Amino acid sequence: MVELNNIRKTYNKGSVLAVDSVSFSVSEGELFGLIGPDGAGKSSIFRILATLLLADSGTASVNGWDVVNDYHKIRNNIGYMPGRFSLYQDLSVEENLEFFATLFGTKIQENYHLVKDIYVQLEPFKDRRAGKLSGGMKQKLALCCALIHKPVVLFLDEPTTGVDPVSRKEFWNMLKRLKEQGITIVVSTPYMDEANLCDRIALMQNGKIMSVESPENIIKDYKNELWAVASPSMHTLLSDLRQFELTESCYAFGDSLHLSFKTKNENNRTETLQYLESRNQREVEMKKINPGIEDCFISLMQQ
Amino acid sequence: MKQFIVFIKKEFAHVLRDRRTLLILFGLPVVQILVFGFALTNEVKNSRIVICDYANDESSHAIIRKIEASEYFDTEKITLSYSDIEKSFKEGKIKAAIIFPLNFDNDLQHLNKAQIQIISDASDPNTGNTINNYLSTIIADYQRQMMDNIKIPLRVTTEIRMLYNPQLKAAHNFVPGVMALVLMLVCVMMTSISIVREKEMGTMEVLLVSPYRPILVILSKAVPYLLLSLVNVATILLLSVFVLDLPIVGSVWLLFLESILFIITSLSLGLLISIRAKTQQEAMLISMMGMMLPTLIFSGFMFPVENFPLPLQIISNIVPARWFYIIVKTVMVKGLGFSAIWKETLILTGITFFLLAVSLKNFKKRLE
Amino acid sequence: MEEQVIKVEKLTKRFGDFTAVDEISFEVTKGEIFGFLGANGAGKTTAMRMLCGLSIPTSGAASVVGFDVYKQTEDIKKNIGYMSQRFSLYEDLSVIENIKFYAGIYGLTNKQIKEKSEELIERLGLHSEIKKLVGALPLGWKQKLAFSVALIHSPQIIFLDEPTGGVDPVTRRQFWEMIYEASAKGVTVFVTTHYMDEAEYCNRVSIMVDGRIEALDAPRKLKEKFNVSSMDEVFYMLARGAKKAVI
Numbered sequence: 001m002v003e004l005n006n007i008r009k010t011y012n013k014g015s016v017l018a019v020d021s022v023s024f025s026v027s028e029g030e031l032f033g034l035i036g037p038d039g040a041g042k043s044s045i046f047r048i049l050a051t052l053l054l055a056d057s058g059t060a061s062v063n064g065w066d067v068v069n070d071y072h073k074i075r076n077n078i079g080y081m082p083g084r085f086s087l088y089q090d091l092s093v094e095e096n097l098e099f100f101a102t103l104f105g106t107k108i109q110e111n112y113h114l115v116k117d118i119y120v121q122l123e124p125f126k127d128r129r130a131g132k133l134s135g136g137m138k139q140k141l142a143l144c145c146a147l148i149h150k151p152v153v154l155f156l157d158e159p160t161t162g163v164d165p166v167s168r169k170e171f172w173n174m175l176k177r178l179k180e181q182g183i184t185i186v187v188s189t190p191y192m193d194e195a196n197l198c199d200r201i202a203l204m205q206n207g208k209i210m211s212v213e214s215p216e217n218i219i220k221d222y223k224n225e226l227w228a229v230a231s232p233s234m235h236t237l238l239s240d241l242r243q244f245e246l247t248e249s250c251y252a253f254g255d256s257l258h259l260s261f262k263t264k265n266e267n268n269r270t271e272t273l274q275y276l277e278s279r280n281q282r283e284v285e286m287k288k289i290n291p292g293i294e295d296c297f298i299s300l301m302q303q
Numbered sequence: 001m002k003q004f005i006v007f008i009k010k011e012f013a014h015v016l017r018d019r020r021t022l023l024i025l026f027g028l029p030v031v032q033i034l035v036f037g038f039a040l041t042n043e044v045k046n047s048r049i050v051i052c053d054y055a056n057d058e059s060s061h062a063i064i065r066k067i068e069a070s071e072y073f074d075t076e077k078i079t080l081s082y083s084d085i086e087k088s089f090k091e092g093k094i095k096a097a098i099i100f101p102l103n104f105d106n107d108l109q110h111l112n113k114a115q116i117q118i119i120s121d122a123s124d125p126n127t128g129n130t131i132n133n134y135l136s137t138i139i140a141d142y143q144r145q146m147m148d149n150i151k152i153p154l155r156v157t158t159e160i161r162m163l164y165n166p167q168l169k170a171a172h173n174f175v176p177g178v179m180a181l182v183l184m185l186v187c188v189m190m191t192s193i194s195i196v197r198e199k200e201m202g203t204m205e206v207l208l209v210s211p212y213r214p215i216l217v218i219l220s221k222a223v224p225y226l227l228l229s230l231v232n233v234a235t236i237l238l239l240s241v242f243v244l245d246l247p248i249v250g251s252v253w254l255l256f257l258e259s260i261l262f263i264i265t266s267l268s269l270g271l272l273i274s275i276r277a278k279t280q281q282e283a284m285l286i287s288m289m290g291m292m293l294p295t296l297i298f299s300g301f302m303f304p305v306e307n308f309p310l311p312l313q314i315i316s317n318i319v320p321a322r323w324f325y326i327i328v329k330t331v332m333v334k335g336l337g338f339s340a341i342w343k344e345t346l347i348l349t350g351i352t353f354f355l356l357a358v359s360l361k362n363f364k365k366r367l368e
Numbered sequence: 001m002e003e004q005v006i007k008v009e010k011l012t013k014r015f016g017d018f019t020a021v022d023e024i025s026f027e028v029t030k031g032e033i034f035g036f037l038g039a040n041g042a043g044k045t046t047a048m049r050m051l052c053g054l055s056i057p058t059s060g061a062a063s064v065v066g067f068d069v070y071k072q073t074e075d076i077k078k079n080i081g082y083m084s085q086r087f088s089l090y091e092d093l094s095v096i097e098n099i100k101f102y103a104g105i106y107g108l109t110n111k112q113i114k115e116k117s118e119e120l121i122e123r124l125g126l127h128s129e130i131k132k133l134v135g136a137l138p139l140g141w142k143q144k145l146a147f148s149v150a151l152i153h154s155p156q157i158i159f160l161d162e163p164t165g166g167v168d169p170v171t172r173r174q175f176w177e178m179i180y181e182a183s184a185k186g187v188t189v190f191v192t193t194h195y196m197d198e199a200e201y202c203n204r205v206s207i208m209v210d211g212r213i214e215a216l217d218a219p220r221k222l223k224e225k226f227n228v229s230s231m232d233e234v235f236y237m238l239a240r241g242a243k244k245a246v247i
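Protein chains in written order, with our numbering: chain A, 1 to 303; chain B, 1 to 368; chain C, 1 to 247.
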């Protein structure tokens with residue numbers, strides 16, 4: 001459905017490398033996630049696929065159409081939601097939806113079944129101006145507007161950034177339902193915890209793709225053992241563990257530290273506890289844990 | 001076609017829902033016309049002038065009586081030296097001085113020719129000129145009466161010396177000027193801002209990705225502002241006819257057609273700016289500095305173009321408002337037809353095509 | 001007895017009929033990392049503004065570093081630091097110009113400015129970058145610099161408004177390590193966010209729903225209490241019932 005081959009994109013006459021020979025493909029009906037921090041190159045990839053930017057080199061196609069030559073066909077058949085809120089703030093909810101429906105040469109009624117689930121939540125506020133909606137509601141409206149012409153592929157650039165956790169969860173539920181209706185979705189997010197909700201994800205950093213896999217496989221590929229260590233004095237615990245000779249890496253993860261060792265060894269735990277005791281750490285808790293996507297991301301970054 | 005209509009409806013919603021835009025759009029022309037209009041008429045009424053009657057004879061008395069009867073002047077009869085008159089001017093006490101030379105009546109009767117000197121303060125050119133015109137009219141009036149009585153033609157020539165700004169332009173020029181200014185402001189600034197706002201808000205991205213053609217985006221931006229600008233032209237014309245008593249001598253239709261041409265010129269300029277500018281502030285600044293000031297300076301509305309040094313005169317040729325100003329003045333004030341303005345119209349059309357071509361060539365169907 | 005640097009008692013703010021903050025009460029201990037969570041529109045920003053001395057409460061009482069939020073707002077401002085993701089540094093000024101500007105507006109003497117800025121640049125390892133414009137720095141560095149600049153006048157409390165959105169996981173951790181370090185030195189850290197992974201780093205968190213504080217405890221205890229595995233779920237259970245936040 002979506003294909004990228006060695007796409008490269010630079011800005012400012014080549015001085016800023018945004019996308020560095022990226023290749024991946026998305027199959028029909030897939031929910032594909034681009035995961036990475038700001039500046040990883042996610043938005044540039046979206047804009048290249050949406051035919052808004054020309055790549056410096058490489059080829060890309062959407063539904064078999066080339067992004068350069070068949071741009072008009074692509075524009076007619078995709079739904080695109082840019083990174084920032086891009087509806088008319090001074091038009092009402094209903095006016096926005098109607099405007100975009102007409103622009104794409106369709107009527108709200110024609111594809112209402114697609115947006116119905118989402119639109120019923122917006123309906124009580126349909127006369128409200130879009131600028132007066134909360135972050136979560138704005139994103140729902142933007143999704144409706146991107147969906148209203150029944151696109152074959154939906155490109156969503158960071159739809160959940162700046163949205164509160166409840167709305168984020170609802171938004172992902174909607175994506176799941178759209179996927180069930182057969183729409184291919186490419187979505188990006190800087191939040192690692194959302195990665196698990198995709199069929200497959202591409203982990204991106206500095207314009208490069210570090211890995212393209214299903215979230216389960218990415219976690220399976222994490223070879224090291226991972227330990228969670230906690231004590232009442234997290235700050236000293238962190239610096240102690242960083243100085244520990246067996247430590248491969250140690251990072252703060254919420255209320256505990258995630259620790260990995262240079263070698264696999266049965267005695268790692270006991271030795272660590274002994275070391276920490278020698279550094280006057282009290283009430284140390286240490287247990288083995290399964291890595292998350294974020295652990296994998298950090299480990300991939302350091303390779 | 002349906003898409004086009006929805007788009008235009010959306011543009012109107014933007015304008016009508018934003019109070020500031022509405023104010024600039026419709027408040028501005030009214031305020032400008034009224035301010036220019038009343039500032040002008042109020043100044044001339046009850047202007048203080050001094051009369052130095054060195055002649056002190058029958059004819060001079062007759063003319064003085066006529067001037068005193070006029071509602072425009074507060075007169076003061078004194079005999080002063082030239083240096084005293086100049087002092088009064090400098091202090092701003094008087095607007096004009098009328099000097100009857102010795103032997104005025106005698107010259108008039110026997111030489112059939114006499115002189116009156118009118119000295120006026122032209123630091124405000126419009127006022128100065130208006131006063132001169134009024135005074136000359138009064139004197140010409142007296143002359144006519146005299147001619148009725150006596151068969152031999154008698155001539156009073158008024159010698160006018162303008163202080164501070166010797167070559168002033170006629171008054172009532174401001175209506176064409178305000179028209180050029182307002183249309184420029186509305187079209188250039190409003191269109192460029194409204195396009196750049198879509199860029200800033202990110203909606204341009206969505207529009208580009210839609211099947212709606214970029215060229216139609218531009219067209220649908222232009223149509224609402226064209227219509228709104230025509231409303232402005234009508235407002236200005238109505239105000240000048242009914243409030244300022246400045247009649248439209250020429251054809252109203254010709255005036256509107258020429259206005260449409262100038263509006264399209266301005267819209268193309270706005271489009272060009274919107275392609276360059278990245279933020280609304282940038283668009284506003286370029287419109288203000290790049291368009292408004294040249295319109296004020298080079299159109300001939302404030303300063304006579306003929307007095308500019310040659311390089312500036314050449315620059316003034318590429319300012320569209322200059323040509324529109326001439327067109328409006330010719331049609332509205334002089335009452336001449338298309339044959340008198342075909343040259344200006346041609347130049348304006350040329351500028352428009354050039355601007356349109358440049359901006360359409362530079363308009364991007366992609367983001368960069 | 002631990003020192004309470006923020007004391008809030010039935011603090012309320014109304015805008016006309018709308019109660020943005022509804023009788024909230026809590027205390028924050030010196031050196032604590034306190035997470036102030038809530039959905040968009042739950043009242044977080046309003047509450048924080050009152051604590052920073054930017055907005056006068058409608059009723060209730062609160063003191064920040066011993067100063068009253070009604071009468072001593074100027075004293076409060078001198079003793080707190082503030083950093084937000086949206087605005088903190090001038091992108092068109094260089095690193096050193098930003099540092100000097102902020103040091104200057106907090107009234108540091110020239111000698112202090114010199115010492116502090118050298119120390120700060122040393123600590124961040126920004127020596128080769130001091131003349132660069134802030135806009136040209138990577139996001140992660142900007143955040144670290146912004147945080148350090150917010151601490152330049154040695155405030156007792158630092159308010160962080162959604163500080164770490166959009167950075168990579170390693171940079172984010174480096175940022176939190178700076179926060180831990182500041183906290184270890186006795187600076188109280190007050191973080192508002194609606195990202196729950198950020199909440200997990202805090203010593204204690206409060207969760208605001210519709211202007212009220214619905215829960216306040218250590219993240220671990222909240223998770224135990226609601227019998228879930230992440231703060232995200234705790235938040236979801238509490239905020240789902242919100243009325244105002246949905247609109």
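Wrong hints could be hidden among the right ones.
[Stated by the list, open to error] Here are the computed lysine to any residue pairs in the SDA-like style, where the Cα-Cα straight-line distance is at most 20 Å:
| id | chain 1 | residue 1 | chain 2 | residue 2 |
| --- | --- | --- | --- | --- |
| 1 | A | K132 | B | V15 |
| 2 | A | K73 | B | M204 |
| 3 | C | K223 | A | K13 |
| 4 | B | K2 | A | A230 |
| 5 | A | K132 | C | K223 |
| 6 | C | K142 | C | I121 |
| 7 | B | K365 | A | D70 |
| 8 | A | K107 | B | I5 |
| 9 | A | K132 | C | K142 |
| 10 | A | K73 | B | P211 |
| 11 | A | K13 | B | M204 |
| 12 | A | K107 | B | A140 |
| 13 | A | K13 | B | K278 |
| 14 | B | K365 | A | W65 |
| 15 | B | K10 | A | N69 |
| 16 | B | K10 | A | I108 |
[To be verified] Covered stretches of chain A, as calculated for chain C (at least 3 residues, CB under 8 Å):
| id | region |
| --- | --- |
| 17 | 128-136 |
| 18 | 164-171 |
In case anyone wonders, no lab produced these hints; they're calculated from the structure. Here the structure is a predicted model, which is why all the values come from computation and not from measurement. From the three backbone atoms N, C-alpha and C, an ideal C-beta is built for every residue, glycine too.
List of violated hint numbers, smallest to largest: 3, 4, 5, 9, 11, 12 and 15
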